[in-house]
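What follows is the residue order along each chain.
Number of protein chains: 4
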Amino acid sequence: MRLISAQEVAKHNKRNDCWVIIHGKVYDLTNFLPEHPGGEKVILKQAGEDATQAFDPIHPPDIIQKYLPPEVCLGEIDPTTSVKTSKVETEKDKRRNLAIERKPALGEMLNLYDFEAVASQVLTPEAWAYYSSGADDEISLRENTDAFHRIWIRPRVMRNVKNVDMSTKILGYHSSFPLYISATALGKLGHPEGEVVLTRAAFKQNIIQMLPTLASCSLDEMVNAKGKDQVLFFQLYVNSDRNVTKKIVQAAEGKGCKALFITVDAPQLGRREKDMRVKFVDEPPDVHDEHNVNRNQGAARAISSFIDPGLNWADLEWFRSITSVPIVLKGIQTAEDAVLAAKYGCEGIVLSNHGGRQLDFARSGIEILPEVVEALKKEGLLNKIEIYVDGGVRRGTDIFKAIALGAKAVGIGRPTLYAMSSYGQAGVERAIQLLKDEFEMIMRLAGVNKLEDIRPEMVDIKNLSDHILVPKNYLFSDVYNKLIPTKSKL
Amino acid sequence: MRLISAQEVAKHNKRNDCWVIIHGKVYDLTNFLPEHPGGEKVILKQAGEDATQAFDPIHPPDIIQKYLPPEVCLGEIDPTTSVKTSKVETEKDKRRNLAIERKPALGEMLNLYDFEAVASQVLTPEAWAYYSSGADDEISLRENTDAFHRIWIRPRVMRNVKNVDMSTKILGYHSSFPLYISATALGKLGHPEGEVVLTRAAFKQNIIQMLPTLASCSLDEMVNAKGKDQVLFFQLYVNSDRNVTKKIVQAAEGKGCKALFITVDAPQLGRREKDMRVKFVDEPPDVHDEHNVNRNQGAARAISSFIDPGLNWADLEWFRSITSVPIVLKGIQTAEDAVLAAKYGCEGIVLSNHGGRQLDFARSGIEILPEVVEALKKEGLLNKIEIYVDGGVRRGTDIFKAIALGAKAVGIGRPTLYAMSSYGQAGVERAIQLLKDEFEMIMRLAGVNKLEDIRPEMVDIKNLSDHILVPKNYLFSDVYNKLIPTKSKL
Amino acid sequence: MRLISAQEVAKHNKRNDCWVIIHGKVYDLTNFLPEHPGGEKVILKQAGEDATQAFDPIHPPDIIQKYLPPEVCLGEIDPTTSVKTSKVETEKDKRRNLAIERKPALGEMLNLYDFEAVASQVLTPEAWAYYSSGADDEISLRENTDAFHRIWIRPRVMRNVKNVDMSTKILGYHSSFPLYISATALGKLGHPEGEVVLTRAAFKQNIIQMLPTLASCSLDEMVNAKGKDQVLFFQLYVNSDRNVTKKIVQAAEGKGCKALFITVDAPQLGRREKDMRVKFVDEPPDVHDEHNVNRNQGAARAISSFIDPGLNWADLEWFRSITSVPIVLKGIQTAEDAVLAAKYGCEGIVLSNHGGRQLDFARSGIEILPEVVEALKKEGLLNKIEIYVDGGVRRGTDIFKAIALGAKAVGIGRPTLYAMSSYGQAGVERAIQLLKDEFEMIMRLAGVNKLEDIRPEMVDIKNLSDHILVPKNYLFSDVYNKLIPTKSKL
Amino acid sequence: MRLISAQEVAKHNKRNDCWVIIHGKVYDLTNFLPEHPGGEKVILKQAGEDATQAFDPIHPPDIIQKYLPPEVCLGEIDPTTSVKTSKVETEKDKRRNLAIERKPALGEMLNLYDFEAVASQVLTPEAWAYYSSGADDEISLRENTDAFHRIWIRPRVMRNVKNVDMSTKILGYHSSFPLYISATALGKLGHPEGEVVLTRAAFKQNIIQMLPTLASCSLDEMVNAKGKDQVLFFQLYVNSDRNVTKKIVQAAEGKGCKALFITVDAPQLGRREKDMRVKFVDEPPDVHDEHNVNRNQGAARAISSFIDPGLNWADLEWFRSITSVPIVLKGIQTAEDAVLAAKYGCEGIVLSNHGGRQLDFARSGIEILPEVVEALKKEGLLNKIEIYVDGGVRRGTDIFKAIALGAKAVGIGRPTLYAMSSYGQAGVERAIQLLKDEFEMIMRLAGVNKLEDIRPEMVDIKNLSDHILVPKNYLFSDVYNKLIPTKSKL
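Chains as they are written, first to last, in full-length UniProt numbering: chain A, 1 to 490; chain B, 1 to 490; chain C, 1 to 490; chain D, 1 to 490.
Among the clues, some could well be false.
Since the list can't tell identical chains apart, any single copy or any two copies may satisfy a pair.
As the list claims (entries may be wrong) - Okay, derived cross-link-like pairs now, BS3-like style, lysine-lysine, Cα gap no bigger than 27 Å in a straight line:
id, residue 1, residue 2
1, K14, K45
2, K489, K472
3, K436, K226
4, K482, K472
5, K274, K472
6, K462, K377
7, K343, K162
8, K45, K482
9, K274, K482
10, K162, K408
11, K255, K94
12, K45, K274
13, K204, K258
14, K41, K436
15, K489, K103
16, K226, K255
17, K274, K436
18, K258, K246
19, K103, K92
Since the hints were made in silico from the structure, they are not lab data. Every value quoted in this text rests on a predicted model; they were computed, and no experiment measured them.
Model the full structure from these sequences, guided by the hints.
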């Protein structure tokens with residue numbers, strides 16, 4: 001391969017002549033600029049320079065080979081010439097480095113919120129914004145936690161609870177615990193190794209991981225990280241180009257993924273304003289540019305432009321034709337669609353509002369669960385389909401509530417990212433262990449020995465569907481001027 | 001015209017001899033003082049001086065010619081003599097100027113609250129108080145936003161939403177979006193050009209504007225600002241003098257306004273204490289004047305003394321006799337009055353509590369909507385009349401909720417004023433564009449292709465009419481002394 | 001009368017030899033000490049000194065002559081000897097004096113909360129504590145305001161409201177407004193002239209005042225202050241000694257009081273901890289005195305020890321035998337007791353929890369109103385008895401709500417004390433005028449011309465009796481340690 | 001006994017050679033280390049040193065003789081050699097000492113929250129954490145207080161309440177007041193004398209005390225502290241070793257305890273994170289020790305490892321065979337289990353969630369009460385069993401509410417600990433006296449003369465079982481980043 005000097009690359013730094021260095025290779029991205037899902041601006045910022053650090057957390061390593069023609073690769077950077085610009089450490093960087101240095105011991109992490117608190121300190125602002133943000137006013141984001149708090153427990157006493165078994169089967173596959181790691185994007189924003197860290201921790205804890213389409217790691221990397229007999233599922237964003245979709249699905253099945261979770265709540269990706277705002281900190285849009293408004297819309301939009309808004313029920317037949325693994329619809333939000341999914345023969349559904357990241361004021365998965373169970377029962381379909389719930393699970397009691405109301409298992413996403421970002425694989429293992437410890441205790445305190453004993457009458461859901469105390473409207477309250485009485489000024 | 005020196009004018013500065021300069025002309029307002037709707041005090045403050053700056057935001061330019069006899073105009077100011085007093089810049093002015101200077105870029109405005117936040121910084125205290133204030137404890141003001149938050153969305157998935165059409169017809173006129181700009185008073189408080197800025201932005205966004213009776217611009221100015229085929233409606237405060245009312249209505253129709261929105265919720269203008277208090281900052285009433293209490297009541301009262309409290313259902317016949325455009329009643333607040341409006345043959349109603357500026361504890365328009373739809377349906381009148389809602393609309397989800405519950409369109413008022421005050425026409429355009437972007441996304445995420453697909457069953461209104469979590473009583477909480485336990489003082 | 005020197009008085013400063021000077025007279029209170037309703041400690045603090053300043057706000061001037069034997073008066077103080085100790089001005093005094101000096105102009109008072117805010121600054125801590133405190137955790141105190149906020153208004157539009165009449169009759173007596181000044185104790189704590197200030201303001205505003213048993217002024221003083229044809233009612237705490245009670249009732253009737261309001265919610269006076277605590281500021285109990293606990297219980301207990309806990313329904317016959325004016329029971333709190341009152345022939349009842357000062361968690365008068373109206377209607381007694389409501393009335397909307405639900409009038413107590421304490425008679429007049437202005441406006445905005453037009457269907461009471469959002473438990477929240485996640489210490 | 005020098009003891013300071021000094025005796029605990037319920041770490045911290053100060057608050061004095069073989073005692077410390085290391089006073093210690101020095105006078109304590117506030121200042125952080133903490137997010141802990149606030153009172157008036165009798169019988173034993181002191185562990189953390197302080201105060205106030213299994217005092221000490229005819233009950237944690245259990249029960253009965261309260265809500269002890277975290281302050285776990293996670297779990301876990309998770313209904317027959325006193329189940333949380341308890345012939349049940357220390361989201365005892373009463377009534381069992389309630393009782397109104405809903409008496413735990421920790425026996429007496437004073441007043445204000453008069457219709461429980469306003473999720477809100485609008489930075 002041709003060796004190219006850093007000085008040579010540096011000359012190609014314009015919109016109509018744009019080279020970048022990624023992992024030691026030099027690419028001419030001039031023609032690709034207008035097609036880049038993340039917009040051309042983000043590439044132009046790196047034009048003529050080494051873009052590896054910006055590229056890595058957002059893209060799997062094999063993406064260029066997969067999607068771009070080979071001729072974009074012009075050669076390799078001449079290692080003797082490469083010039084690394086020394087970055088200055090800002091006040092914010094210093095604070096973050098101090099937080100990393102003074103990180104509490106892993107043993108001090110007593111619950112999932114502790115991990116989130118540490119993650120908020122040790123992550124870059126961009127990563128924290130991408131992971132933690134929700135749609136619009138983040139009402140649904142917070143509602144996901146609040147909804148669990150409207151369910152109370154009716155524990156039974158005086159039962160022998162020496163032995164407690166919390167293992168289960170999900171789509172027929174054994175799990176030590178009715179919980180799986182749900183798919184989340186851009187793992188390398190939180191940990192240099194990305195999603196494989198979760199894969200390894202899932203193996204250690206004997207639970208199932210759902211691999212994401214938008215992983216920072218390649219499918220191969222994730223599948224290669226798995227342990228003996230470890231079960232993996234695959235989450236799919238349906239690409240408008242159905243050939244691409246077919247290739248992805250068949251690769252996943254071929255690599256041994258045991259189920260296909262098709263995301264159905266994201267025909268367009270939600271607006272996450274925290275994620276969008278973090279862009280403006282380094283690079284405020286031109287104040288005078290009032291007519292040519294900046295369209296930079298955060299990490300979420302950057303990675304999602306390919307998602308097919310045309311996906312519909314009729315497509316299920318085609319999916320059946322290209323894969324033989326069970327199909328689960330992720331993002332069902334009404335009893336009506338749950339019944340349709342069962343009628344279309346789906347093996348499972350995930351009741352979810354996408355972690356509050358898509359449609360604000362979408363109800364939480366746990367709230368939807370009773371209406372779904374009732375509708376399926378009424379149609380005689382309850383035993384045809386497994387129901388999972390995600391969104392807001394942070395405590396063993398949350399899992400207990402979901403199981404009591406008819407869920408087969410719950411998914412968690414952000415908590416594992418936060419644990420991974422703070423303490424790597426050991427962090428993820430401990431986070432799951434804490435949930436297991438809590439859940440085991442709760443089973444004892446509630447007087448049950450196995451999951452089947454956790455019955456609907458053990459939870460009080462009188463107010464579950466009451467939307468009276470709604471998460472606070474922070475934007476409104478920030479701009480509202482409070483009334484104050486007139487008094488003497490002292 | 002006679003030239004008069006500034007020195008000459010300055011001598012006439014008393015209640016029984018009161019001249020002022022407005023736009024270079026000298027007026028003798030001595031006899032008009034007791035009739036001035038805003039009270040004589042506000043004129044006397046300017047007696048013998050140039051009152052243009054105080055006059056402009058409150059009055060359309062043609063008001064003196066229209067309502068006062070020609071002899072009040074004594075002549076023109078001799079331009080060689082005019083003395084401008086140099087105003088000192090206060091700390092508050094400095095802060096405001098700094099806020100203007102450091103205004104975020106328009107591209108950083110991601111939602112309507114951002115515009116409001118900037119407007120609160122760049123507006124004069126008087127303008128901010130007039131625009132943002134509500135009646136009494138501002139319970140209804142805040143309830144307008146809160147009520148939307150008690151409605152949750154039941155989105156459908158797996159529907160082809162590649163194409164989404166959000167256009168509609170309002171009273172038969174095309175609109176790109178089920179939203180119109182509602183009438184608001186005193187636009188020049190926020191922008192030197194006043195309401196015409198909104199007219200131009202409405203044209204760009206292809207939506208309808210409702211012109212206000214109490215505009216700072218004259219009707220001619222607003223109508224002249226309109227684009228090709230642009231549709232305008234006209235909002236009417238009914239004047240006690242029905243000849244004046246007739247003149248106004250016929251002028252509006254003559255200039256091409258396509259509908260008459262008669263305000264029915266303001267037989268007397270509400271008390272807005274923030275607006276009233278702002279007066280006392282510059283000019284505290286005499287502390288010893290306990291029996292002759294200051295009656296200065298803010299901008300709202302100043303501009304409204306002419307409104308006819310005698311307006312009633314029987315007047316509708318007369319309105320039909322003087323105009324042929326559709327008649328819409330703005331400010332309906334019960335099912336009973338909605339049914340009456342339909343029976344009286346009105347073409348539309350606006351469910352509204354006047355932005356929380358009139359009767360505190362009036363319910364929000366969105367809360368009233370279901371009871372109105374049900375009553376009209378019961379009477380077989382639902383297809384006879386269009387229903388609009390205003391008050392508290394800030395997000396695309398709010399519009400979705402109103403449409404789902406049966407509204408034809410929603411109106412926004414303050415948000416366009418805030419956008420205009422912060423960034424002029426481009427601001428207003430962006431504000432509307434943001435709502436369009438949000439709404440289009442929500443239609444996709446909810447699985448609908450056109451407005452008719454947005455059905456009542458897509459929203460959960462179980463708690464819409466629950467008044468349990470009421471907006472905070474700030475005056476009470478400010479004067480209440482919290483209890484604290486006795487402990488050691490350290 | 002014998003002249004006694006200050007030096008002589010100063011020698012009698014012990015429990016077994018206790019003289020005090022009041023209004024220039026010297027009294028030997030040694031034998032009265034154990035019987036003093038306020039406890040002997042408070043007298044002993046003044047032993048040998050001039051007690052006038054401490055005596056005045058708590059006692060009517062004629063109380064000693066009325067209740068003590070003439071021989072306790074030993075003579076007059078020799079004016080040439082009297083020694084006034086110069087009091088040092090504390091930081092707190094300075095602050096209070098500054099607040100008085102910088103008091104806003106009366107014209108700046110825009111609502112009743114403004115008066116309360118000023119009163120909290122200009123009153124002595126003791127007076128503020130006595131006036132503002134409530135029972136226990138002050139839940140009922142705050143609930144009184146909150147309950148009104150759970151009622152929303154359904155205003156009607158398009159009605160001719162040029163003319164609005166808000167006059168009414170209470171027990172057959174004309175009032176310009178459906179509001180009376182309720183009885184409150186110790187007026188001189190707030191104003192040197194005491195309750196007569198309220199009497200004069202009530203005359204000016206043409207409303208009725210209810211005179212308190214525990215006034216600082218004597219009955220004669222209050223009655224003498226009344227204007228031509230002014231109507232006064234009399235509030236009665238029933239004394240255990242029925243001869244005393246009879247004397248009081250017949251004096252009130254004799255002086256022209258037109259109705260007897262018997263307080264029935266205070267067989268024992270409530271615990272008001274703010275009032276009790278204020279004692280400890282100047283005079284903390286001995287820290288080592290753990291077994292002989294200080295029983296000083298604030299102003300409330302001091303003035304109430306005579307109230308008869310034996311008062312019961314059978315006593316009504318006796319009251320009828322000693323007076324011919326209408327009898328109203330003040331403090332009814334259930335439908336059951338309202339029905340009993342009507343059956344016993346009472347002319348009226350006041351639904352009240354005594355301003356939240358007696359039983360904490362007693363419901364507010366406004367909440368009780370619908371259940372009372374319904375029960376009386378069911379028994380066919382609704383037209384036999386007038387119903388009044390007090391507690392928490394601060395706005396014209398509150399009055400509107402009470403009238404709509406069936407009240408004949410509402411009472412206010414603290415607001416007039418606050419207005420009196422801040423601005424004297426002019427303040428009280430303005431406070432009432434503000435309520436009248438608000439109420440008149442609300443009648444217009446609600447589309448009514450007279451009180452009879454204010455109908456139950458004009459208010460929405462769906463959640464009135466919901467106790468879900470309860471006033472905050474401040475004592476609890478002050479001692480509760482919030483949970484915080486573990487993170488890096490920076 | 002052999003005398004051993006401090007220098008000699010000091011050498012045995014390792015895991016495989018571990019001596020400690022307790023009350024002047026030297027013990028070799030090397031073999032006992034792995035069996036210590038509190039974990040070996042806490043002993044190793046004292047290895048080679050005098051452990052008395054750490055031992056005392058956690059263990060009754062006779063525990064070593066009872067449970068360890070005699071040979072662990074090696075001899076006595078040679079008093080001439082003992083070396084006391086002078087402890088340095090930290091900032092925290094200084095603050096605590098200052099708080100103790102400046103403690104308010106006992107007479108200033110006006111309610112139970114005052115005692116709690118003082119206790120939070122004068123207790124060691126470890127004691128405060130152990131006493132005040134609750135399970136998980138402490139939702140149930142706070143709910144216990146909140147639930148009482150959702151009950152409102154319907155007082156009756158015009159009843160002769162001169163005489164009020166608040167005495168009752170509990171399991172046939174006289175009590176001056178429907179309240180008992182419930183069992184709580186580790187009294188010496190709060191007061192050097194421990195639980196006997198409570199015993200003495202209970203005697204003075206003529207109420208019943210329930211002695212705890214996990215007392216710091218021995219059973220003998222507590223029983224010896226009792227006064228003439230004083231009634232004591234005994235609380236039992238069932239030991240896995242039933243011989244131990246039998247010995248304990250028979251000892252309690254033998255010493256005169258009149259009832260056996262078997263704790264049934266603690267098959268495993270709850271997670272109390274405040275209690276767990278306090279450990280890390282002095283001794284943070286090794287930051288690098290990510291795989292060998294610190295298992296130190298606070299005082300709660302340390303003392304509870306022996307509790308039998310196998311306890312079940314069938315065991316009741318065995319309990320009947322070993323004791324003749326009434327059996328009460330403490331920790332019933334559903335109507336179902338209440339009915340079972342009655343059917344199994346238990347004499348009483350305590351509705352309780354263990355002070356919110358066990359299962360978070362368990363409902364409060366007071367909420368469960370109506371469902372239990374209804375179920376027992378339906379089964380005809382209501383008169384077969386007495387019902388008690390504990391959790392959150394802080395005011396006389398709370399007791400009134402419980403009695404009205406059918407409780408025979410209420411228990412309090414933490415409040416007596418706080419009173420004891422702050423002011424010793426006098427504090428406990430005053431705390432109970434304050435409750436009595438409040439309750440007596442409430443009986444008067446509610447119009448009742450004896451406990452039987454307190455009827456269900458005197459309380460309004462419409463919203464008692466509504467879980468809409470749930471205690472705040474502090475961990476969540478601490479890590480959640482609030483949204484703020486973009487504005488000019490000033």
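Verification of the supplied hints:
Taking CA atoms no more than 27 Å apart as the test, K14 paired with K45 passes inside one copy only; the shortest distance there is 10 Å, against 61 Å between copies. In the homo-oligomer, the alpha carbons of K489 and K472 lie at most 27 Å apart only across protomers (24 Å), although the nearest pairing inside one protomer, at 32 Å, exceeds that limit. For a Cα distance limit of 27 Å, the shortest separation of K436 from K226 inside one copy, 21 Å, qualifies, whereas the shortest one across copies, 45 Å, does not. With identical chains, the CA atoms of K482 and K472 are at most 27 Å apart both within one copy (16 Å) and between copies (9 Å).
Taking the shortest alpha-carbon separations for K274 and K472, both the intra-copy value of 16 Å and the inter-copy value of 24 Å come in at or below 27 Å. For the homomeric pair K462 and K377, the shortest alpha-carbon distances inside one copy (20 Å) and between copies (23 Å) are both at most 27 Å. For the homomeric pair K343 and K162, the shortest alpha-carbon distance between copies (24 Å) is at most 27 Å, but the shortest distance inside one copy (42 Å) is not. Proximity of K45 to K482 under the C-alpha cut-off of 27 Å is found in neither arrangement, the shortest distances being 43 Å within a copy and 30 Å between copies.
Taking identical chains as interchangeable, the C-alpha atoms of K274 and K482 lie at most 27 Å apart whether they share a chain (25 Å) or sit on different chains (10 Å). Within a single copy, K162 and K408 get their C-alpha atoms as close as 24 Å, which meets the 27 Å cut-off; across copies the closest is 33 Å, which misses it. Taking CA atoms no more than 27 Å apart as the test, K255 paired with K94 passes in neither setting, with 43 Å inside one copy and 64 Å between copies. When the C-alpha separation of K45 and K274 is checked against a cutoff of 27 Å, the pair qualifies only within one copy, where the shortest distance is 21 Å, while the shortest distance between copies is 48 Å.
In this assembly of identical chains, the alpha carbons of K204 and K258 lie at most 27 Å apart only when taken from the same copy (19 Å versus 53 Å across copies). Only between protomers do K41 and K436 lie at most 27 Å apart by alpha-carbon distance; the minimum there is 24 Å, versus 45 Å within a single protomer. Within a single copy, K489 and K103 get their C-alpha atoms only as close as 46 Å, which misses the 27 Å cut-off; across copies the closest is 8 Å, which meets it. In this assembly of identical chains, K226 and K255 lie within 27 Å of each other by CA distance solely inside one copy; the values are 11 Å within and 63 Å between copies.
Taking the shortest Cα distances, K274 and K436 sit within 27 Å of each other only across copies (20 Å), while inside one copy they are farther apart (32 Å). When the C-alpha separation of K258 and K246 is checked against a cutoff of 27 Å, the pair qualifies only within one copy, where the shortest distance is 16 Å, while the shortest distance between copies is 55 Å. Proximity of K103 to K92 under the C-alpha cut-off of 27 Å is found in both arrangements, the shortest distances being 16 Å within a copy and 23 Å between copies.
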